[in-house]
Structure formats: C-alpha cells, structure tokens
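> For the record, in the sequence shown the residue sitting at position 134 is 988 according to the working numbering, with numbers rising by one throughout.
Check the hints yourself; a few may be wrong.
Stated by the list, open to error - Using C-beta positions, here's what the derived DEER-type ranges look like:
#1 Ala1025 x Glu882: 21 to 29 Å
#2 Arg958 x Glu882: 35 to 43 Å
#3 Leu918 x Thr1006: 20 to 28 Å
#4 Glu969 x Ser1046: 28 to 36 Å
#5 Gln957 x Arg932: 18 to 26 Å
#6 Ala888 x Arg958: 25 to 33 Å
#7 Glu865 x Tyr967: 19 to 27 Å
#8 Glu896 x Ser1046: 19 to 27 Å
#9 Thr1017 x Gly878: 34 to 42 Å
#10 Val914 x Pro1018: 41 to 49 Å
#11 Ala928 x Pro1005: 29 to 37 Å
#12 Ala869 x Gln957: 17 to 25 Å
#13 Glu969 x Glu882: 17 to 25 Å
Since the hints were derived computationally from the structure, they do not count as laboratory data.
Being a predicted model, the structure only gives us computed values, none of them experimental.
Beta carbons are placed, not taken as given, at the ideal position from N, Cα and C, and that holds for glycine.
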Amino acid sequence: MYPFGVRITGEDLEALRRFYRGLGFAGEATLFDARGQALLLEKSPEPPGAELVWPGQVSVFYDLEGNQHRRAPAVSARDAGAARMEGVLYGVVDLVASSEWYQRQLGMRLEFYDEASDWAELGSEGLKVLLSFLPGEQRRGVLVLATEDAPTEVARQQERGHTPLWTRSTAWGRLALFADPAGNPVLFIERSGSG
C-alpha cells in the first residue's frame, strides 16, 4: 500500500484549479500529474497544508509526531499533466524516530538521508514522504514538485505573479517555496547528485 495522491484545501476551488493547472496539472474535479498521481482539491476552511492520501476507507490518521494523513478510495487518472509530484514534506522534531515509524508502520523504505540538512525521504512506490527537522512548528504538510531547473521555475512563477517565500541550495539540490492562492505551501526541488 502506498499513497496515490495529495489533498490540498482552500475556500476558492477555481483559483486553486487555475494555479495548479498553471503548474502543469491536468483534469477537472481531480487533477493529475505526469505519472497519474492525483491532486485532490477540496473546499474547506482548514489551515493551509498538504496531506498524503492513502487507499482505503475514508479516515484520518496521524504519524508519530502528529502530522495528518488521510485515507480515501483510490482514483484513476483520466488525464495526465506535465507536473511531477514528489510527495509531501512533513516537519518533525525527531528525524530518526519519525523515519523509523514510517518504515515500521507503513512499510516505506528509507531512500535518502542527509544529516547535514536534516532531511530524509521515504518511499515504497509512487509518492514519497519527505521529512525535515522543524522544531516547535505545528503545521500541515508541504506539496513537493520536481523541477529540472529551479531558477527557471522561480522566474516562471514570478512572471505569473507569485513571489517565492524563500529559495535555498543544498549539496543535493536547489529548493524554492511558494504559496498557492489559499496559502498552501508548494516546494519545488531541483535534484543534483544524490537525493
């Protein structure tokens, strides 16, 4: 069992659809990336953030540190866009214990770990769980999208009127964080070398 999609919430669904279609997603009620993974947009007053969606009966569950996940019936892609979802980034206090929890409880394997940048990635198939050390911050997850060229993506988003919240470089890649119209964080990652 592995996550098949990401859930994003907001009050103005049409603004969210326009934003994500502009990033390369395709579809109507449910949007899909290049690999057929679902981006489920839902009208809700919940705080901004992303959740991984796992197949099963509709329910909510939490990881070791209280990060929210959701279960829902799986959906099949009707359209494929150009966007490439990596997964959802969750902030944690104990990177090692959280990584072990995802391996033990959800059968995910550790694919990448960088102690210097407090970053771990776990996967089984499809979407990944990305973990980063964020002390004292309780927030929902961050949608993570792959990009071939972070500076070009930043320029493209700025042309569309979106200003990055921050950009960073690490030994394994470049990152740029934006917010969608509902305030949901969206992180672009350009991979370089390992990671």
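> Each hint needs a verdict: does it hold in this structure or not?
Hints, verified against the model:
Separated by about 41 Å at the C-beta atoms, Ala1025 and Glu882 break the suggested range of 21 to 29 Å. Separated by about 38 Å at the C-beta atoms, Arg958 and Glu882 satisfy the suggested range of 35 to 43 Å. Between Leu918 and Thr1006 the beta carbons are some 37 Å apart, a value that contradicts the proposed interval 20 to 28 Å. The supplied range of 28 to 36 Å is broken by Glu969 and Ser1046, whose beta-carbon atoms lie about 18 Å from each other.
Judged by the Cβ atoms, the range 18 to 26 Å given for Gln957 and Arg932 is violated: they are separated by roughly 33 Å. Separation of Ala888 from Arg958 is about 31 Å and conforms to the stated range, judged on CB atoms against 25 to 33 Å. For Glu865 and Tyr967, the hinted distance range of 19 to 27 Å is not satisfied, since their beta carbons lie about 37 Å from each other. For Glu896 paired with Ser1046, a C-beta distance near 34 Å fails the hint of 19 to 27 Å.
A hinted range of 34 to 42 Å is violated for the C-beta pair Thr1017 and Gly878, which are about 20 Å apart. Remark: the range hint 41 to 49 Å for Val914 to Pro1018 is contradicted by a beta-carbon distance near 31 Å. Range check, Ala928 to Pro1005: Cβ separation about 36 Å, and the 29 to 37 Å hint holds. Roughly 38 Å separates the CB atoms of Ala869 and Gln957, a value that falls outside the hinted 17 to 25 Å.
For the hinted restraint 17 to 25 Å between Glu969 and Glu882, the CB-CB distance of approximately 43 Å leaves it violated.
Violated hints, listed in ascending order, are 1, 3, 4, 5, 7, 8, 9, 10, 12, 13; each of the other numbered hints is respected by the structure.
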